[in-house]
Amino acid sequence: EVQLVESGGGLVQPGGSLRLSCEASGFTFDDYGMHWVRQAPGKGLEWVSGIAWNSATTDYAPTVKGRFIVSRDNAKNILYLQMDSLRPEDTAFYYCAKDISSTMTTPGYWGQGTLVTVSS
Amino acid sequence: IVMTQSPHSLAVTPGEPASFSCTSSHILLHEHNGFDYLDWYLQKPGQSPQLLIYLGTHRAAGVPDRFRGGGSGTQFTLTISRVEAEDVGVYYCMQDLETPTFGQGTKLEIK
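Chains as they are written, first to last, in the working numbering: chain A, 1 to 120; chain B, 121 to 231.
Be aware that one or more of the hints could be misleading.
Among chain A residues calculated to face chain B with C-beta under 8 Å, some are [unchecked claim]:
id : residue
1  : 29
2  : 42
3  : 45
4  : 59
5  : 100
6  : 105
7  : 107
8  : 110
9  : 112
Some, not all, of what chain A presents toward chain B, calculated at C-beta under 8 Å [to be verified]:
id : residue
10 : 40
11 : 41
12 : 46
13 : 47
14 : 58
15 : 61
16 : 80
17 : 108
18 : 111
In silico EDC-like pairs for lysine to aspartate or glutamate, Cα to Cα no more than 20 Å straight-line [said to hold, decoys possible]:
id : chain 1 : residue 1 : chain 2 : residue 2
19 : A       : 65        : B       : 218
20 : A       : 43        : B       : 229
21 : B       : 227       : B       : 206
Hints in this document: simulated from the structure, not taken from any laboratory.
All values derive from a computational prediction rather than experimental measurement.
Note that beta-carbon positions come from the ideal geometry of N, C-alpha and C, so glycine has one too.
Please model the entire structure based on the sequences and the hints provided.
Structure representation (C-alpha cells):
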C-alpha cells in the first residue's frame, strides 16, 4: 500500500525557514516523480514544486521560486522541501504527492498533509 | 496558464448526471504526443485530493466508470453519469502542460 507521510510543519515567523519531509513507502520511490502542493485553510489548491525521479529536473511555482528548494533522497525514500524567507501567504497545508510516472507531470497519490503557519 | 472552472457550485439529486466545466487560457495539447495535459481531482470533505482523470480522458486506477473526462484544446468537461452521495466534495481541474496550475474548484452537493 502506498503511503506518504509528511512532517516538519509548524509555526514559524515571517522571514524564517522550515524544512518539510515526506517519507514514502509501498512503492519503488526512485521510479516516480514527486510533487508538493499546498492549500491555504479554506482555499483552493496551489501546485508548489516538482522533481523528477532522478532529481535531474525540478520546477517551481512563480510564487515560491527562489525561496523554496525541492530535493529527494532515493536511498532513504524521502522527499524534502526547504522553505526560506517565509511569508504569511505561505501559510497552508502542504501535501506531498507521487506522480503517475517517472517525470513530474501529474500528482497521482497524495499524503495527508502537514500544516505550515507563518505568523509573528 | 490560467484555469477557470464553472459553475462555482452544483447541487444534484442522486442518480442524476453532473457536469463540470474547465477552460484554459492556452491550448493544452502537447505538440509531440497529441495528448491534452489536463487532469481532474476530487477533494472529499476532510480528505486529501484524489486523482480522477489524467491526460484529459484517462480514468485513474480505481475510479468508477461513471466518471468521464472530455474536451480538448482549451475546453474540458468532467461528467458524472449518475451522482452518488459519496461524490460530494470539490472538483478541481489542473493543467500540467507547463508549470502546473489549478482551477478554483467546483463544489458538488447532494440535493
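Could you check if residue 59 of chain A really has its C-beta closer than 8 Å to a C-beta on chain B? holds, 6 Å
Given a cut of 8 Å on the nearest C-beta pair, is the interface hint for residue 80 of chain A held or broken against chain B? violated, 19 Å
Should the interface hint for residue 42 of chain A be scored as holding, given a Cβ-Cβ cut-off of 8 Å against chain B? Status violated, d = 11 Å.
Checking hints one by one. Is residue 58 of chain A an interface residue toward chain B, by the C-beta closer than 8 Å rule? Interface hint status for residue 58 of chain A: violated (11 Å vs cutoff 8 Å).
Measuring from the C-beta of residue 47 of chain A to each C-beta in chain B, is the shortest one below 8 Å? holds, 4 Å
Given a cut of 8 Å on the nearest C-beta pair, is the interface hint for residue 29 of chain A held or broken against chain B? Since chain B brings no Cβ nearer than about 18 Å to residue 29 of chain A, farther than 8 Å, the hint is violated.
Pair hint residue 43 of chain A and residue 229 of chain B, alpha-carbon separation not exceeding 20 Å: holds, 17 Å
Hint validity - residue 41 of chain A Cβ closer than 8 Å to any chain B Cβ: Cβ of residue 41 of chain A sits 13 Å from chain B, so the hint is violated.
When the nearest CB of chain B is found for residue 105 of chain A, is that gap smaller than 8 Å? Because about 5 Å separates residue 105 of chain A from the closest Cβ in chain B, which is inside the 8 Å limit, the hint holds.
Does residue 40 of chain A meet its interface restraint, that is, does its C-beta lie within less than 8 Å of any C-beta in chain B? violated, 12 Å
Once the shortest beta carbon distance from residue 46 of chain A to chain B is found, is it less than 8 Å? Holds: closest Cβ of chain B sits about 7 Å from residue 46 of chain A, inside 8 Å.
Could you check if residue 108 of chain A really has its C-beta closer than 8 Å to a C-beta on chain B? Check passed: Cβ of residue 108 of chain A comes within 5 Å of chain B, closer than 8 Å.
Violated hints, in rising order: 1, 2, 10, 11, 14, 16; the structure is consistent with all others.
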